[in-house]
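> If you want the building blocks of each chain, they are given just below.
Number of protein chains: 2
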Amino acid sequence: MNTLRINLPYVIFLGDIQDSMLAKTGLGLVKWSKDQVVGQLRLPGCKVDLGVADLTLQSAVAQGAKSLVLGVATVGGSISDAWLPVLVQALENGLDIVNGLHTDLNKIPALAAAKAKGGSQIVNVRGAHQALPVGTGRKRQGMRILTVGTDCAVGKKYTALAMAQCLKANGIAATFRATGQTGIMIAGEGLAVDSVISDFVSGAAELISPDNDSGHWDVVEGQGSLFNPSFSAVSMGLLHGSQPDALILCHDAARLKVSTCPTYAIPTLQECMDLHLRCAKIVNPSARFIGVSINTSSLPAAERKAYLDQLQQELGLPCVDPLVEGCQLFVEQLQQQKTAGM
Amino acid sequence: MNTLRINLPYVIFLGDIQDSMLAKTGLGLVKWSKDQVVGQLRLPGCKVDLGVADLTLQSAVAQGAKSLVLGVATVGGSISDAWLPVLVQALENGLDIVNGLHTDLNKIPALAAAKAKGGSQIVNVRGAHQALPVGTGRKRQGMRILTVGTDCAVGKKYTALAMAQCLKANGIAATFRATGQTGIMIAGEGLAVDSVISDFVSGAAELISPDNDSGHWDVVEGQGSLFNPSFSAVSMGLLHGSQPDALILCHDAARLKVSTCPTYAIPTLQECMDLHLRCAKIVNPSARFIGVSINTSSLPAAERKAYLDQLQQELGLPCVDPLVEGCQLFVEQLQQQKTAGM
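Which chain is which? The protein sequence lines are A and B, in order.
Counting from 1, one number per residue, gives the positions in the first sequence under the working numbering.
Counting from 1, one number per residue, gives the positions in the second sequence under the working numbering.
Same shape as in the complex, but just chain A (with noise of 0.2 Å):
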């Protein structure tokens, strides 16, 4: 039994995509997986550049190129018949697609035979897992860290991968543990606990987040948020699989309403952090906050600082936008509580 793996490294496919709007997982992957990527393929006609090499499928191959990741969303999720020849090559020869979308590629016969030919894989990172055990509530050596928020889409995925990089600049070991399709893509492997029936979600979130060794961090992508009647079965699952030695805590400062259920108020910080807190407290008593992640593009930049100064003295954990202050104030945080012995 094992999460999903990618072979990597990867090339990265836009299509014809005349807008980057549609690009951000291949930008994703660029910003957090660049030695993982040999450079991108496009038709002609593509208007989007990803910063990184242009190849062809052959010199793709030639700098060793394991899989060709669809790095693009497109409306419906479907792909362009004019894809469709270049992605036949690349399977004929060998290299895996990681497809993101919505659309199962096995289902395209061009593509399912090429696969046959080339003997590679179509890689369904938002497939359903089959046989994935149910959760144990067994505790594991090692530490973890868990992304929650106050919604979806507040800046879980973006804290985390910030965050896991931040412990590694500091000397300490860690790891990205990736729960959803572009995580996933960028670590090269993980579960997206979405997909998985609802009785192995916190099964699906220990297997994710192994035993490690007892100084090692897991920094584990959240996912929903426990007050979005949405997803709220998703984000418990995984926090009580995932057993969080340390919580952060994200917010967008421009969110009032629950995104998916918009006659919700967003709550107030410090009730999100105590629901989490009580929760993940069944699963590890000495479960705790060290800090508060906020997405702050919305707010004036005359403004942003005194939001920050004073949630930090509303919440007395430290309060930064990571995509500005970094996670640097996270991990001091952490190993002022360590020193505390807490």
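Treat the hints with care, since some could be wrong.
It does not matter which identical chain is meant; a pair holds if it fits inside one copy or across any two.
List time: in silico DSBU-like cross-link candidates among lysine-lysine, alpha-carbon distance up to 30 Å [to be verified]:
id, residue 1, residue 2
1, 117, 47
2, 338, 281
3, 34, 47
4, 281, 257
5, 31, 168
No lab work stands behind these hints, which were simulated from the structure alone.
As the structure is a computational prediction, the values presented were derived from the model and not from experiment.
Chain A is already provided as a structure; the job is to place chain B on it using the hints.
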């Protein structure tokens, strides 16, 4: 988009089993939906008797049976070869087979062929459900009771069934809403929420308990527990999707450890109520507990009353074993709270 629906009435198939422990589903059907049971179908040598009419396949069809229920649990969830001829005959004669086992009967070629010939269906009660909606959190008309628990298997289904029956006996409109396989067989419809992809658990719960008359009570069968790390995701999604106005806490007086996680202590009843209420109030600010349902079968008869009296004093709510005292005190509590404007 619909919940799973079963064609009624049933004939209950018991095969050639020797032990009534294996006939729990059949016993549940006879207890809770006897008017939907035309009789039992037993093979030679069967030592279990549900106390209903013995029928042949022909007489079951003649009496209007629309479905044959596999009312038997088997080790490993598979079926015996000795049962196949009857099952083939049932499908060929247009009876649906309602299957609560893990085995997908569609994969047995003889049954697939018989189904095609008879124009009948194999209803897989444990089957994963496709194309469910994401939960919206929208407030629905009508009222809802949810049974929650300190753990799995502490009487949530039994209590919900008994409560729905008791409400009706008091002249109050009520419907039992099934969320697990046995419950679905009893109700003839429902969704097995633990088989749903985690992103859709609350959406499934919303489907199960749709808008209704303003004075009507849905009594929703709970699953798992927020305190059981194996299944808390299911419990949370069900809690948020069912938006309960009223909750009944279920507990087994003998249970000290969480069934699937034996290093975890069962929470106190008060802390269990506190956390469920905190989470319920996210979707329904007027949610409240109306009683505590205790499985007292492990207690010496002489200690039962003192145990329940003390609990009732501690918690300030009716505490009963529905198997002994019924649910009348819960109904009265509901009506008192209503009079008090709660």
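> It remains to establish, for every hint, whether it holds in the given structure.
Status of each hint after checking the structure:
1. 117 x 47: neither (32 Å within a copy, 57 Å between copies)
2. 338 x 281: within (18 Å within a copy, 35 Å between copies)
3. 34 x 47: within (21 Å within a copy, 68 Å between copies)
4. 281 x 257: Answer is both; intra-copy 27 Å and inter-copy 16 Å each pass.
5. 31 x 168: This pair counts as within: shortest intra-copy Cα distance 16 Å, inter-copy 61 Å.
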